[in-house]
Amino acid sequence: GAGVSQSPSNKVTEKGKDVELRCDPISGHTALYWYRQRLGQGLEFLIYFQGNSAPDKSGLPSDRFSAERTGESVSTLTIQRTQQEDSAVYLCASSQGLGHYEQYFGPGTRLTVT
Amino acid sequence: AQSVTQLGSHVSVSEGALVLLRCNYSSSVPPYLFWYVQYPNQGLQLLLKYTTGATLVKGINGFEAEFKKSETSFHLTKPSAHMSDAAEYFCAVSVAAGNKLTFGGGTRVLVKP
Numbered sequence: 001g002a003g004v005s006q007s008p009s010n011k012v013t014e015k016g017k018d019v020e021l022r023c024d025p026i027s028g029h030t031a032l033y034w035y036r037q038r039l040g041q042g043l044e045f046l047i048y049f050q051g052n053s054a055p056d057k058s059g060l061p062s063d064r065f066s067a068e069r070t071g072e073s074v075s076t077l078t079i080q081r082t083q084q085e086d087s088a089v090y091l092c093a094s095s096q097g098l099g100h101y102e103q104y105f106g107p108g109t110r111l112t113v114t
Numbered sequence: 001a002q003s004v005t006q007l008g009s010h011v012s013v014s015e016g017a018l019v020l021l022r023c024n025y026s027s028s029v030p031p032y033l034f035w036y037v038q039y040p041n042q043g044l045q046l047l048l049k050y051t052t053g054a055t056l057v058k059g060i061n062g063f064e065a066e067f068k069k070s071e072t073s074f075h076l077t078k079p080s081a082h083m084s085d086a087a088e089y090f091c092a093v094s095v096a097a098g099n100k101l102t103f104g105g106g107t108r109v110l111v112k113p
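Read top to bottom, the protein sequences are chains A and B. Counting in this note's numbering, the first sequence runs from 1 upward without gaps. Counting in this note's numbering, the second sequence runs from 1 upward without gaps.
If we strip away everything but chain B, and leave its shape as in the complex, we get (with noise of 0.2 Å):
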């Protein structure tokens, strides 16, 4: 079985600031892993994923997601917070079969003018 853990479920940052929303996965299977963005009162959206390849991947809206086996972490970063980015962050892994996702806590994030 496979589990996803956020540290922080709030972080707030100032306007112009690195946000950094930190991920960890358990996984007896080369995992597969996602973020994704909920705005509020709005479904969840798709930043970026990682299946295989290069372990930087990019997305929209200028994140950025780096797997790291050797941590067993897939931490989100984007170099500059603008106020859009005050959403609620999810981390998520799925294996081969099915292709459900295992979700973490979710980390709500706050943009400071």
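Bound conformation, chain A alone (with noise of 0.2 Å):
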């Protein structure tokens, strides 16, 4: 079946600008994550949703940073009045629910900001 998928792939932003990236789960899976991984650096948490629970928020930054699920379907990561310091690959992923379950990768999209 088809795997995590995320748009853009790319995207090139003036500083000060919003963007908007999303994520499409794998089908059924409950829970959805969004990480961010910074050039020459691991990847970091940011937030995640599991069903109609409160999303953990814990991992974002700033308050420029936030995130959204439909239900159980698409998810989109806004980031607010972009910085340098902003550009890195956003990854995202999904499983099956808490637990333990295997997260399932996108390919990210990677976020320039000039």
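These aren't lab readings, by the way, just hints derived from the structure by calculation. Be careful, since some hints might not be right.
Okay, the calculated bits of chain A under chain B, using three or more residues with CB under 8 Å as the criterion [unchecked claim]: (1) 44–57; (2) 85–98; (3) 105–113.
Here are the in silico distance ranges between beta carbons for each label pair [as the list claims (entries may be wrong)]: (4) A:Ser58 x B:Ser70: 25 to 35 Å; (5) B:Pro79 x A:Ala54: 38 to 48 Å; (6) B:Val29 x A:Lys17: 38 to 48 Å; (7) A:Gly51 x B:Ala17: 41 to 51 Å; (8) A:Ser73 x B:Glu71: 41 to 51 Å; (9) B:Val29 x A:Gln83: 34 to 44 Å; (10) B:Ser28 x A:Gly97: 16 to 26 Å.
Using N, Cα and C, we set each Cβ at its ideal position, and we do this for glycine too.
Work from the hints to combine the two standalone chains into their complex.
The following block contains the structure:
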């Protein structure tokens, strides 16, 4: 079946602009995660959604970052007033639920803020 | 809070030689441990995971890892490197609530012919 998809694959934006990144999880996966991978660094957890529970936003680096999820479907990560330090690859993952199910990762969106 | 340390950001091995990637973790509760591989311009793929039970776990592509609680380690090995193993490898830990992963900094593997 289809894996996790993300769009766009690449995004170049000017400093100060807002951007929206999209993630389509695997159908039936109730949990959805966003991570950030900055150049030469490991992945940082940003936020996760599980069913109808309140999302865990503990990894969001500032209030310029927000995310939404429609039911158990698409999620969008929004970055307002982008800064150069926001340049990174943003990865989305989904899993069947909590309890250490495998997380399946999408190919990522490479964001470049100029 | 948990953390993961991967020793060596870059490792170079000869084709056919042993691959050994080191991972140490810190966790206040029993950890669940993972190794992911990332090929160029691709997402992460799970190589193997330890949750409970047997401490030696086997994964895809001939990789295996051993959970050693006393050493807080989860090193990844492969007896004989192949050119296709050239990639970046990430060790990760999660705990009970949320399943969010905490990743190490990654180790990039170069395989020499």
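Evaluation of the provided hints:
| no. | hint | result |
| --- | --- | --- |
| 1 | 44–57 | holds (count 5) |
| 2 | 85–98 | holds (count 4) |
| 3 | 105–113 | holds (count 4) |
| 4 | A:Ser58 x B:Ser70: 25 to 35 Å | 30 Å, holds |
| 5 | B:Pro79 x A:Ala54: 38 to 48 Å | 46 Å, holds |
| 6 | B:Val29 x A:Lys17: 38 to 48 Å | 41 Å, holds |
| 7 | A:Gly51 x B:Ala17: 41 to 51 Å | 46 Å, holds |
| 8 | A:Ser73 x B:Glu71: 41 to 51 Å | 43 Å, holds |
| 9 | B:Val29 x A:Gln83: 34 to 44 Å | 35 Å, holds |
| 10 | B:Ser28 x A:Gly97: 16 to 26 Å | 23 Å, holds |
Of the numbered hints given earlier, the model fails none.
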